[in-house]
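J.: Here's the letter readout for the chains.
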Amino acid sequence: MFAAENGLKSDPRLQGISEAIRVVPHFPKQGIMFQDITTLLLDHKAFKDTVDIFVDRYRGMSVSVVAGVEARGFVFGPAIALAIGAKFVPLRKPRKLPGEVISEAYELEYGTDCLEIHVGAVQPGERAIVIDDLVATGGTLSAAIRLLERVGAEVIECACVIGVREVKVMAEELLDSVGSMASHFISLWSHAKLIIVVKVCENDYAQADFAEKDDT
Amino acid sequence: MSAYRDEDPRIHDIKTRIRIMFQDITTLLLNPKAFKDTIDLFVERYKGKNISVVAGIEARGFIFGPPIALAIGAKFVPLRKPRKLPGEVISEKYILEYGRDCLEMHVGAVKSGERALVVDDLIATGGTLCAAMNLLERAGAEVVECACVIELPDLKGRERLNGKPFQATMP
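Going line by line, the protein sequences match chains A and B.
Note that the numbering used here has the first sequence beginning at 2, numbered continuously upward.
Note that the numbering used here has the second sequence beginning at 21, numbered continuously upward.
Watch out, some of these pointers could steer you wrong.
Unchecked claim - SDA-like cross-link-like pairs, simulated, lysine to any residue; straight-line CA separation at most 20 Å:
#1 B/Lys-67 / A/His-45
#2 A/Lys-94 / B/Thr-47
#3 A/Lys-97 / B/Glu-117
#4 B/Lys-184 / B/Gly-160
#5 A/Lys-97 / B/Cys-122
#6 B/Lys-104 / A/Phe-28
#7 B/Lys-101 / B/Gly-128
#8 A/Lys-97 / B/Thr-47
#9 A/Lys-30 / B/Lys-104
#10 A/Lys-97 / B/Glu-78
#11 A/Lys-94 / B/Gln-43
#12 A/Lys-97 / B/Lys-131
#13 B/Lys-101 / B/Glu-124
#14 A/Lys-49 / B/Gly-93
#15 A/Lys-49 / B/Lys-184
#16 A/Lys-46 / A/Gly-17
#17 A/Lys-94 / B/Gly-93
#18 A/Lys-46 / B/Ser-72
#19 B/Lys-35 / A/Gly-100
#20 A/Lys-30 / B/Arg-103
#21 A/Lys-97 / B/Tyr-118
#22 B/Lys-131 / A/His-45
#23 B/Lys-56 / B/Arg-30
#24 B/Lys-56 / B/Pro-29
#25 B/Lys-113 / B/Ala-144
#26 A/Lys-46 / B/Arg-135
#27 B/Lys-53 / A/Arg-128
#28 B/Lys-104 / A/Gly-100
#29 B/Lys-101 / B/Glu-157
#30 B/Lys-53 / A/Met-62
Honestly, the hints are just simulated from the structure, not real lab data.
Using the sequences provided together with the hints, build the complete structure.
T.: Here it is, written out as structure tokens:
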């Protein structure tokens, strides 16, 4: 599911993309090495290459729904949707979407959060992908999949620019400190539903919890 | 692109897909052709104008800004609520109807002299767009235009933009 494993290893675009992502130490708190995609967005070629890698993969797979997780999933998802002729469906934090929604709760390291989708955005039987900038524990992506499946869509794959390798390693070793949260990642991984296209970082899994909790 | 001039024929279909009561652009995004037309209208307007920065306002500006940036060869700069951007930022406070809010931009994202667009889904009072413009100008950029899909003309948001050009897909 990582770039190296799905045949992209020798893709000449990957190095430029990886180098364009910057790491910000101790954000949002001490000990967290934050993977910052905003520097990727400043590099037009690298940003375009990132979108193109997703587009190359999903074009011709009859994907009619690209669901993006608020807010950094909004940066990548629409461009992919436009290129493959799919609709873009935002998955948002509570009380942002007007009109009728359904909600799905998911675990954070401390507490829970919630993702919402518009009722009627997706029709039963539609083929969907989920886009976010980064995956760590997989909790948010799992909630996104549950939302889409509740409205009858078939989730083909989740696609992220960055994946946190450490979580895969820790999950496989079933370390107590990761606990049940890593089970989402294991589940996504083992059901071949997760692709991390570009950068894999050896990093603290807890980053995604804070990023997801604070990210609106 | 106003109701008072000959409209580009793509605009009618875009308008019918926006739920005006909710000011909800999400229904527009469900129609690939209308969403693409919305982007294309902006790209046709801004391509070849030497614009190197498209700044998008969190969160719905993140939906329209990046496709425009990618198509015109510009960088995309997210303008975010406080404490979302890691690293060094500059902040601009602005007034809401009740209370205040704040927008942030990364230091170094924009270089002095760059030509920039500001993109959001909708302009209401113009407070957020004004704060966005201020951030870019403080970094030395020239704001060429502010672009939104929807304008609520009764709220006179244009007038808060200090004479900066403004473009809305509709009305």
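J.: Does each hint fit the structure? Answer for all of them.
T.: Structure-based check of all given hints:
A threshold of 20 Å between alpha carbons decides the hint, and for B/Lys-67 with A/His-45 the separation of about 15 Å falls inside it, so the pair holds. Under the criterion of a C-alpha separation no larger than 20 Å, the hint pairing A/Lys-94 with B/Thr-47 is consistent with the structure, at around 18 Å. Among the hinted pairs, A/Lys-97 with B/Glu-117 is consistent with the structure: their alpha-carbon atoms are about 18 Å apart, no more than 20 Å. Note on B/Lys-184 and B/Gly-160: the hinted pairing holds, with a Cα-Cα distance of about 15 Å set against a maximum of 20 Å.
Among the hinted pairs, A/Lys-97 with B/Cys-122 is consistent with the structure: their alpha-carbon atoms are about 18 Å apart, no more than 20 Å. The suggested pairing of B/Lys-104 with A/Phe-28 holds, with an alpha-carbon distance near 10 Å, which does not exceed 20 Å. A C-alpha spacing of about 18 Å is found between B/Lys-101 and B/Gly-128, which places the hinted pair at or below 20 Å, so the restraint holds. Among the hinted pairs, A/Lys-97 with B/Thr-47 is consistent with the structure: their alpha-carbon atoms are about 14 Å apart, no more than 20 Å.
With a C-alpha separation of about 12 Å, the suggested pair A/Lys-30 and B/Lys-104 falls inside the 20 Å cut-off, and the hint holds. The hinted pair formed by A/Lys-97 and B/Glu-78 meets the criterion: a straight-line CA distance of about 12 Å does not exceed 20 Å. Simply put, A/Lys-94 and B/Gln-43 have alpha-carbon atoms about 18 Å apart, close enough for the 20 Å limit, and the pair holds. Between A/Lys-97 and B/Lys-131, the direct Cα distance comes to roughly 33 Å. Violation of the 20 Å bound is thereby established for this hinted pair.
Proposed proximity of B/Lys-101 and B/Glu-124 is supported: the alpha carbons are some 6 Å apart, at most 20 Å. Note on A/Lys-49 and B/Gly-93: the hinted pairing holds, with a Cα-Cα distance of about 9 Å set against a maximum of 20 Å. At roughly 29 Å between alpha-carbon atoms, A/Lys-49 and B/Lys-184 are farther apart than 20 Å, so this suggested pair is violated. Of the supplied pair hints, the one linking A/Lys-46 and A/Gly-17 holds, its CA atoms being roughly 9 Å apart against a limit of 20 Å.
Distance check on the hinted pair: A/Lys-94 and B/Gly-93 sit about 31 Å apart at the alpha-carbon level, beyond 20 Å; violated. In summary, the hint linking A/Lys-46 to B/Ser-72 is supported, as the alpha carbons are separated by about 13 Å, within the 20 Å threshold. The suggested pairing of B/Lys-35 with A/Gly-100 holds, with an alpha-carbon distance near 18 Å, which does not exceed 20 Å. Proximity of A/Lys-30 to B/Arg-103 is assessed by CA-CA distance (about 11 Å); at most 20 Å being required, the pair is judged to hold.
With a CA separation close to 18 Å, the supplied pair A/Lys-97 and B/Tyr-118 stays within the 20 Å bound. Simply put, B/Lys-131 and A/His-45 have alpha-carbon atoms about 15 Å apart, close enough for the 20 Å limit, and the pair holds. This hinted pair checks out: B/Lys-56 and B/Arg-30 have alpha carbons roughly 10 Å apart, not beyond 20 Å. Only pairs whose Cα atoms come within 20 Å are accepted, and B/Lys-56 paired with B/Pro-29 is accepted, the gap being roughly 14 Å.
A C-alpha spacing of about 17 Å is found between B/Lys-113 and B/Ala-144, which places the hinted pair at or below 20 Å, so the restraint holds. Taking the CA atoms of A/Lys-46 and B/Arg-135, the gap is about 19 Å. The hint holds against a cut of 20 Å. About 18 Å separates the Cα atoms of B/Lys-53 and A/Arg-128, which keeps this hinted pair within 20 Å; it holds. Simply put, B/Lys-104 and A/Gly-100 have alpha-carbon atoms about 27 Å apart, too far for the 20 Å limit, and the pair is violated.
Proposed proximity of B/Lys-101 and B/Glu-157 is supported: the alpha carbons are some 18 Å apart, at most 20 Å. Note on B/Lys-53 and A/Met-62: the hinted pairing holds, with a Cα-Cα distance of about 19 Å set against a maximum of 20 Å.
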